[in-house]
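**Q** Here's the letter readout for the chains.
Protein chains: 2
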Amino acid sequence: MEGYQMNGGGNHNYSQVGNGGSGIRSRHASGDGDDDGYNGTKGVGYTTPFYLANQAPTSLRGDGYGGGGVLKYSPLAPNKDNGIQSHNYEPDESEVWRAYVAQVHFSNRGHWWTTGKKRALKRWVLTFVIGVIQAVVATLCNLASKKLTERKFDHVYDLLSESVHHSSISSEAGGVSGAADDLFQTDDAAKGGTDSEAGGSHSWFGGSSAFVMFVFYQTIYAAIASLFVMWEPVSAGSGIPEIKCFLNGIDLPRFVRVKTLFCKAVGVAFSVAAGLPVGKEGPMVHSGAVVAAGISQGKTKFWGVDTSFSKFSDFRNDREKRDFVACGAAAGVASAFGAPIGGVLFSLEEGASYWSTKLTWRAFFCAMTTISTLFAIRNVDSWWGQANVEKLFSFGEFNSLSGDASNFSIWELTFFVIIGCLGGLIGAVFNAANEHLTIWRMKRINFSPTRRFLEVIVISVIVSTVSFVMPLLWNRCTQLPTDIQDWSNQEKNLVEALVPFRCQPGKEYNEVASLIFTEADVAIKQLFHFREVGVDDTSTFSSGALFFFFIPYITLATLVYGIAVPSGLFVPSLLSGAAFGRLCGHLLHKLDHTNGTFADSGTYALMGAAAVLGGMARMTISLTVILLEATGDMQYVLPLMLTLMSARFTGNVFNEGLYDIHIHLKNIPFLEPEVPPIAERNEIVAGQVMSTEVKCLRPVERAGVVYDLLRSCSHGTFPIVDTESGGTLYGTASRSMLCTLLQRRAFGSPDVLNDEVASHEGVCESLGPRRLSPLVQWDTIERAYPRYPTIGDVEMRDGDRNCWLDLRPYANTAPYTVNETASIQRTYRLFRTLGLRFLCVVNHNNQVVGIITRKDLLPESLTHSLLRGRNAHANDEVTNFL
Amino acid sequence: MEGYQMNGGGNHNYSQVGNGGSGIRSRHASGDGDDDGYNGTKGVGYTTPFYLANQAPTSLRGDGYGGGGVLKYSPLAPNKDNGIQSHNYEPDESEVWRAYVAQVHFSNRGHWWTTGKKRALKRWVLTFVIGVIQAVVATLCNLASKKLTERKFDHVYDLLSESVHHSSISSEAGGVSGAADDLFQTDDAAKGGTDSEAGGSHSWFGGSSAFVMFVFYQTIYAAIASLFVMWEPVSAGSGIPEIKCFLNGIDLPRFVRVKTLFCKAVGVAFSVAAGLPVGKEGPMVHSGAVVAAGISQGKTKFWGVDTSFSKFSDFRNDREKRDFVACGAAAGVASAFGAPIGGVLFSLEEGASYWSTKLTWRAFFCAMTTISTLFAIRNVDSWWGQANVEKLFSFGEFNSLSGDASNFSIWELTFFVIIGCLGGLIGAVFNAANEHLTIWRMKRINFSPTRRFLEVIVISVIVSTVSFVMPLLWNRCTQLPTDIQDWSNQEKNLVEALVPFRCQPGKEYNEVASLIFTEADVAIKQLFHFREVGVDDTSTFSSGALFFFFIPYITLATLVYGIAVPSGLFVPSLLSGAAFGRLCGHLLHKLDHTNGTFADSGTYALMGAAAVLGGMARMTISLTVILLEATGDMQYVLPLMLTLMSARFTGNVFNEGLYDIHIHLKNIPFLEPEVPPIAERNEIVAGQVMSTEVKCLRPVERAGVVYDLLRSCSHGTFPIVDTESGGTLYGTASRSMLCTLLQRRAFGSPDVLNDEVASHEGVCESLGPRRLSPLVQWDTIERAYPRYPTIGDVEMRDGDRNCWLDLRPYANTAPYTVNETASIQRTYRLFRTLGLRFLCVVNHNNQVVGIITRKDLLPESLTHSLLRGRNAHANDEVTNFL
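Just so you know, the protein sequences line up as chains A and B, in that order.
To convert, note that position 354 of the first sequence is 354 in full-length UniProt numbering; the numbers rise steadily by one, no gaps.
To convert, note that position 672 of the second sequence is 672 in full-length UniProt numbering; the numbers rise steadily by one, no gaps.
So here's chain A without its partners, still in its complex pose (with noise of 0.2 Å):
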């Protein structure tokens, strides 16, 4: 087993070797390399049927993802990890591949409408496609959930007018009076909560049935919701942080699957109507990315699809699915927000490592196909006439108050930043919060199905208790606004949409139940839009009512993300963010009481939802148009620049984004844009953080060395060497294509030559111009995306197992690599910018010496690094400069 080690001193690594040296710590380990393992086993033949590297006792790795991939099917790999590999953006640049592409170009060379013409029209097509499909998704799972929650409402209010009647007959005075009686005794009922469901008085059973008929609706609601997630579990959640994983080059199993489309669809309609404290925008980001996956792969296994018939299916590698799920997560965000831009921009956000000009005007249209389509949809009724604002601007328009003055001096803008920095600490607070939350769940909750069931049903029935309990608590009826007539339509609108709990119907409403009665749009639309009416106290929404409801509704939020739905993070953050700036905004009216312009509540509204929402996802830009798309109004472009700014430098003061930390909680080999800080503090060379377990083969190879290798471990990329140049990389095979090669049997006869021959004189010059030239062509190889064969597929004979394989047409022999002497900060920039699945790591002689995938240039990774080397490296450094 000692035969064709790499670095073969032993259990030695890379900065051991170099401590002893000169200065040119590189070179001398290289040729150490070199001779302890080229050279030295040259002369012992070939007696290890291949090359196992030494297992470095300190070891990060073998524990799956990254490029070495543990495929989770393989028979050998036991299937402890969560399955997670890297996506694959550079083909494999072997001879066929060449040929492939050169045929591709070949039909149509010298035309004006080339190829390349035709595939980019039919990739404006799709995107076009994928565009008007997100739009209709949307808008079915926007009226599912409205139907839903209507519903619900409806047969609550019957059993609560039910009720009126019922008190009504006892006295005949008044029936809104009598209302207002019964409601006051379901109040002390509610407050018997649940376990006063055995019994009770007759009287008050009107009431008391609403309270459970709505905890019951709620709850089978939540229930459903979270079947949908038990049926599949990818589906629970936002989404948000997927898709970044997913633009950041991570390949999540399942994710883009028209079933977990289906089940996010369906059961975020059921989570929101539910009434729990989530959002459907995050679910839709992550149905737009499925819609473009499904949509551009032509293929799915939920439904038996497959358009591989038709001249759409050239579009199936992992390149070109990014690129349309990014289009699909802007397409999302638009049809989510009525955010074209901000979707595009959240897309590069996002994926901004590598960006290009084209997928932005790519992006650009699927928003743009969306939001058009969208409009149409919503405007149907006027497609001839002037469309309503109020359809165009997700949460409402803003206007300016007094005409051509804006909403704000500019000595507010001090206010805003302030409004910024708390809302960053609020955003802390809640992800911290949830960071313990989400961790003491996976350790009590999320290994059983059942408990994340029964989780969600606990949660459910607190949620509904609470939502119910807390306007019946809030002990106030206030007037409705009376001199509406010069109030714009918007506002008349939300007037109608406040909610008289328990109090005299189209006279007064209660305002907390107001703001929890109501879809979270709504609510948000009437914390940003109503004016101000009446002195301090009697404010349309007072003070204590919007502290009331803060508090317990941004708890519940914090609760509640992570259960086993579907749910969205955005709405809930705005809601109780405007709750939080309207707050503010009226604690500054108490230092001027002109109640004017000053300080205008709505303003100070959006500023707390911006302020909030920017503390808990720490997006910039993105989130700037989202909300300025969403409002309609530009001049707060500069506010809100200002609020998420300080909220994001507050925020990271404490810790990082939610959807980050989520990220890190799952153990995503997430790469951040930037070098990690150690990495920049510290003197680290791509030599120090390389794993030296790497499983190389030759050029020209027996059949069954080719199949032992790929049963005994499961990396995705094996170094092709050149082992009678003295082991120099001569190119790279992936894992799919040495299966598909040994399920074709593109074997050569074993008697080509001779064994001996081969090991002595070195196969490939003996083989020469006789080689076994490509037997599988490129496009028989790539026809299986995503789900090539797989090791287990293969059957070996023995008679097979001395057969040659020529793996020089199908090696991809200009690989990237990086000298081992290279820091990390440019091994990182390399890595991260091209997206890369490995890196392989030569010496100057170009052996390899290692290889570096995702995993490796984790910080985590990098400490490790850092310690295994630092001294070794210290004296190095110190000896010869300091």
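Hints in this document: simulated from the structure, not taken from any laboratory.
Not one of these hints is a red herring.
Now the stretches of chain B that chain A is said to cover, found in silico as 3 or more residues with beta-carbon under 8 Å:
hint, segment
1, 334-347
2, 812-818
3, 831-845
Going by beta-carbon spacing under 8 Å, a handful of chain B positions derived as facing chain A:
hint, residue
4, V101
5, G116
6, F364
7, M368
8, F375
9, A376
10, S382
11, T624
12, G632
13, M634
14, L642
Note that the Cβ used here is the ideal one computed from N, Cα and C, for glycine as well.
Starting from the structure of chain A, add chain B where the hints point.
**A** Using the frame of chain A, we list chain B on its own:
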């Protein structure tokens, strides 16, 4: 001279070698180079002082730019090139660099307040300062052009009213009608043109003298603007193409100097005041870039300032400078259009290849600072009250016409697409005309400063004459709108700005004069915001007037762009486009006579402006946001997206964007974001496009050899090859570093090792651990940035020629390399994405076979490489695979 040639076999190039080989073309080719090159010369000995590569007869190289980089002050390189170099974004990772970095981080190691954090803080502080200063510069520039324009018009109006007075003596009836009569006479005089200045009857002296004074003022202003350009030629034009190049990685000489800023800012104030159809937006973006570069580098030759003493001097390298310039450009757009987010997107769209998330936030912060400062300055009188929205939106605020309804209906979106297509056509014609004009100009005018100056004078006279004659020809007075009580302040102000050229002031106005005799910004606002009064024929601006204005104005704009004054293109495009769009709206009014909200003229003017600007510049997402921010109504997001997208698509069918056209005409090696189509269509590998004129050095080299090499060529980078190990790539050395080493005499004694030992045994091994350890520190080398010593500054004494220069501690041991078999797509992506200056092409043994610089990747070079190698290549393909 045959000694150390690379690819020793005469004039063969890569693809010819590959032709004869087996399928593994590259390996054999590399073997070839190996045998003919280094192995062969080992025995010959070290007779040639440096390794001259063979001059491929078909080589495109040797003309100056790219990574090979001609330093224009080099005494050996005849100064025929344009002195353009590439930026170097990657630090040369040598041992001295590592030592420097370690030392820098060492002082704060272990502390919370690390060096990295310190530097980040400094970066933010500098970004803030840049934002503030750019706001001040923009304000001053605006103020200057306003004052100059006012002065011009004051004087001309004085003369006009003098003439009114003059004629009113004879006809006492009414001054107004008298003035009108007089101006009718002036009309005749003006028709006579410039040659009527000599004589004429006394009665129309006043009008005539007003005309003369008008032409005189405008021409003097234009001449002054032109003089600034004569002083600093780089300050001509808009500066946007140059910024694109700078962000693309091209170091244009003198582009970010303080002198350039001064000339550009003052010059553009004059050229705008000269009444030329130019805008100050482009120059303002350029000014932002210069401010950023100046502040971040803290070193100017123009003022003799150097802040090296301060703590802010550690951003002196190409990467930091580029980042700051990107932020500055964002700030420039923010100050030009009041569009901070548009500014960030502008920088993103132009520099998308290397954009990082961190940089986005810095640009965001910079733009935000600028816009805050601008708001604070503009609203200095209303800090404590509401700001005027007119001051927030550069092109005035759009408002909903009728309450909650949008200003367009869904089906009008199709019209917007049509307008977009028409705008794309207009833009394409504009671009084509300007391209031909520029080519003519380059041949006939641009070589002589005198001719350029005279051209400005002539064109200024033509523009002034046309400007004066057009309103005279428009022989109609229009009634001012009367019932404007319910109009907004913005509209009332615009009514006041209408010009009563030959009509009764206060009652009538001349439509064409109102568009010409005001500042361009005001004219745009008029076209955007005037509501239509009366029936079709008597609109605020009639169809005829719009047409009569549009055609000459856009013609003049085509003529003017490219003359020797600082001139932007945004405003002329917007203004002519607004006229065009309003005209389209009028045509639609013929369809529907309701004169209601259908086809709102202002909306169509905005779409027209977007279409023409989009058709000219072909930017999409940044332009959408800029226009949204400058007009303040988010309901236009979808119409603008549709219009700009269709303008871009239509325009791209015919030609490129104007900025790209100018970049290509200037022969700048600009790398497009995407791989050129020629490379997509054909199969080209790195080995075909590389330049084989590589000049190499050994790791330890005689000082004289280095000196002679540097004098003999002008390359910017030299590979260092290891002659002992068959010529493998050891690292690279930059010209600046070599010059510094020679200048500082960092030599070892010539006696350290014998010449014969050196050549036969290998220099490095003989020196062994006794190597001449680093005599010059990294910061000593970099302190001179960006004006490194040149070889002309080096004095080489005869005694020094034999001294040994140990390059090993200074060599970049991990340069980016690419295998010669890598496809051009992959090579291009690597080069462009990482912003490289050069890329070493190596074979499988890591021997240098060529070098790729920016120039080699341009479409022309690729076409050339393809023609050179096609036959060989095609055969290869066919034999093996087809």
